[in-house]
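K.L.:
Listed here are the chains, written in short residue letters.
Protein chains: 2
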Amino acid sequence: MIKFNCEGAGRPDISTLTEAIEALKTLKSKSGEGAEFTGWMELPGDYPKTEEYKAVKEVAAEIREKAQVLIVIGIGGSYLGARAAIEMLKSSRHNQEPGNPQVYFLGNGLDAFDIYQVLRLCEDKSVYVNVISKSGTTLEPALGFRIIREYMYSRYSAEECKQRIIATTDKAKGVLKGLADEVGYRTFVVPDDIGGRYSVLTPVGLLPMAAAGIDIDKVMDAAAKAQAEYSRESSDNPALLYAAVRETGYRRGKTVEIQSYPGESMRFMAEWWKQLYGESEGKGRKGIFPASCQITADLHSLGQFIQDGEPIIQESMVRFEEPAAKLEVKATEANEDGLNYVAGKDMNQVLLAAQKGTMEAHIAGGVPVMEIVLERPDEATFGEMVLFYEIACGISCYMQKVNPFNQPGVEDYKKNMFRLLGKK
Amino acid sequence: MIKFNCEGAGRPDISTLTEAIEALKTLKSKSGEGAEFTGWMELPGDYPKTEEYKAVKEVAAEIREKAQVLIVIGIGGSYLGARAAIEMLKSSRHNQEPGNPQVYFLGNGLDAFDIYQVLRLCEDKSVYVNVISKSGTTLEPALGFRIIREYMYSRYSAEECKQRIIATTDKAKGVLKGLADEVGYRTFVVPDDIGGRYSVLTPVGLLPMAAAGIDIDKVMDAAAKAQAEYSRESSDNPALLYAAVRETGYRRGKTVEIQSYPGESMRFMAEWWKQLYGESEGKGRKGIFPASCQITADLHSLGQFIQDGEPIIQESMVRFEEPAAKLEVKATEANEDGLNYVAGKDMNQVLLAAQKGTMEAHIAGGVPVMEIVLERPDEATFGEMVLFYEIACGISCYMQKVNPFNQPGVEDYKKNMFRLLGKK
Chain A
796 MIKFNCEGAG RPDISTLTEA IEALKTLKSK SGEGAEFTGW MELPGDYPKT
846 EEYKAVKEVA AEIREKAQVL IVIGIGGSYL GARAAIEMLK SSRHNQEPGN
896 PQVYFLGNGL DAFDIYQVLR LCEDKSVYVN VISKSGTTLE PALGFRIIRE
946 YMYSRYSAEE CKQRIIATTD KAKGVLKGLA DEVGYRTFVV PDDIGGRYSV
996 LTPVGLLPMA AAGIDIDKVM DAAAKAQAEY SRESSDNPAL LYAAVRETGY
1046 RRGKTVEIQS YPGESMRFMA EWWKQLYGES EGKGRKGIFP ASCQITADLH
1096 SLGQFIQDGE PIIQESMVRF EEPAAKLEVK ATEANEDGLN YVAGKDMNQV
1146 LLAAQKGTME AHIAGGVPVM EIVLERPDEA TFGEMVLFYE IACGISCYMQ
1196 KVNPFNQPGV EDYKKNMFRL LGKK
Chain B
796 MIKFNCEGAG RPDISTLTEA IEALKTLKSK SGEGAEFTGW MELPGDYPKT
846 EEYKAVKEVA AEIREKAQVL IVIGIGGSYL GARAAIEMLK SSRHNQEPGN
896 PQVYFLGNGL DAFDIYQVLR LCEDKSVYVN VISKSGTTLE PALGFRIIRE
946 YMYSRYSAEE CKQRIIATTD KAKGVLKGLA DEVGYRTFVV PDDIGGRYSV
996 LTPVGLLPMA AAGIDIDKVM DAAAKAQAEY SRESSDNPAL LYAAVRETGY
1046 RRGKTVEIQS YPGESMRFMA EWWKQLYGES EGKGRKGIFP ASCQITADLH
1096 SLGQFIQDGE PIIQESMVRF EEPAAKLEVK ATEANEDGLN YVAGKDMNQV
1146 LLAAQKGTME AHIAGGVPVM EIVLERPDEA TFGEMVLFYE IACGISCYMQ
1196 KVNPFNQPGV EDYKKNMFRL LGKK
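Line by line, the protein sequences are chains A and B. Residue numbering for the first sequence is 796 to 1219, as defined by our numbering. Residue numbering for the second sequence is 796 to 1219, as defined by our numbering.
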């Protein structure tokens, strides 16, 4: 389970803790704003018992057997969770590794070069497609799917395409559901009671994850336990404490939270977290702006600002107790580079010293630093992180009196764009 | 040349413009704090005339001929510029493309798995190494080089290693220079008058860029012209205007600047920019916190916060007049997905509509939006961007009365880390 350490930020006072417990009660009793979108809370326990979950695993096994490339088409919550899981558990260079199908994410932007490049990488390879969109009308994935559909039909027979294209969409309505039913694509359901950014443990995230070789049983099992653990109405619930401590920072003018994460493979977990918090909290001229920083790479970049810039920053530092790989630094006889002082140490010990040294420096610089301690980069930890951050996010939003589950602002750019493109 | 449009943020007033011109004068006359580190200003004009520049191109040609993998070891300014250039001009998936040597960046963190993975990808491939460190004692690259050096000597003879390892380091002193001279590695010089984050157009950035197949003559030629253009003491100098407008925003409480960039290939240009500004400005409890947002991917993520969250954000939106690739959306007879309203349009027109729609929405939400308009993603534009952002950064810092060229805060975590690791 995740440990939360707030020594570097200070424990929240009793009244803030009480507020956080009230917010958690609102979330659990489904009595707050947006409560109709809290299906993600029961999901980890219930979903694995369903027929659909079995089908997700079967289709994933088929993809692993028959596909060399899986193209996943989706934007926002429809790709960030799966990409985060795959990069964390497989690596950011997973598409260069042998064995698994390569997984490419398209339809999350409007860059033609990106599409050409992926199609070039598909040459002579067996391709499957998973298109993910609740409505089917969101421009980026819809356009991506139009282009990829044409490509698939140019390479495969209609019968083959029926087998190779899988739609994750609304259970009954919408453009994508209509199209899938008409042609006969297999479909999985985006539940009505779970919004995009909370959907990683639905077929939205689970199918690409399982297709990439992630053991989703382990993810769901850990998530179900985490759901119980992080729902406890107690001041030693780490999710509740995290929400209370960051809110305390916010009220003291720390309007930016930097998640500092250990290494490239965690970059997209931070991106997933940024979406979850940014889109949930950023409303009504309120909210903590989420940013991220890679340790130690970005200490030679943003580190200076965190330490000594405009004092608007609080930090949540993510670290692993056990690393993905061990590597002992060897002594050299000549000690030409003067590094023998770390000889005999494992790289991860050096990383932990860097993280500890950074914490001390940032705390000395007046930055409240929270520590989020994970066991190791595995399926269970991923499942725990999802529930930890989702529950804490719900608590944070209710403490700030905003709806954690809508995103009214996102509609504005779409409306303008549709007008500029002449959509009726 | 880059165009700067501040309609969406408002023109700065005369006194702020006057301040910006004064700051530019300070920068040009080398009379401000840190002036001994402004060698990057003359560099684009002078450096291509040198013998060393010729040698950079020759060694790069040798790497392109003989290597299938180039491992670049460096942290902060010693890798961000080259990585940004390669991803912008080749693509973020360049290592999966045939032809060029693959380029992997190591020594910018302490993740053992990252090292194992790169070494696995090196199997049966011809490997060259470029280690970049002014001193040779920065822990991450020094450790990375110790491990990679051992790997190289396990694969190649000492004579071969002498040919395959190239050091970019101090001209005379330091651990890495000593080691390189002793063994006989070829060396390139990190100039004394240019700090890490301003060093992309020195051998630090140029050798990896040229090895990856980027035409550095075109980069330097454009950079030299840009240097002249963006040094003009005039209110129509776009770099000066950018500095003045963002400073105006800062004085109005916009303590975060989001650079929104069009597509995955520009992610590391934004990372380079974040280092340049964060490390230069973030001092003495001042500075604009630099963050980034990918368009359109992150509009379904951070978009909500920008639009309607805590009103601390100003935005600089980067867009291209011409895209890297064209792709016309085709009409379909059935119009099953309802997308025929964009049929006949090029993808880039759709992207530009999305960017324009976003600007309108964010401006309506009270966010000052600056527009940075680039011609196309090519060598010349890269060279222009480097000088545009560097000069504007110098101006911004002098307006805020901080030294643009030091990073005292970065030392603190290092000191703690060294103590925790028992370094004498």
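Hints in this document: simulated from the structure, not taken from any laboratory. One thing to keep in mind: the hints can contain errors.
A pair holds if it fits inside one copy or across any two, identical chains being indistinguishable in the list.
Unchecked claim - No farther apart than 16 Å at their CA atoms in a straight line, the calculated lysine to aspartate or glutamate pairs in the EDC-like style are these:
#: 1; residue 1: K798; residue 2: E1123
#: 2; residue 1: K1081; residue 2: E1155
#: 3; residue 1: K1210; residue 2: E1059
#: 4; residue 1: K1219; residue 2: E892
#: 5; residue 1: K823; residue 2: E837
#: 6; residue 1: K1218; residue 2: D1132
#: 7; residue 1: K920; residue 2: E1116
K.L.:
Could you check the structure against the hints above and give me the numbers of any it violates, in ascending order?
P.N.:
1, 2, 3, 4 and 7
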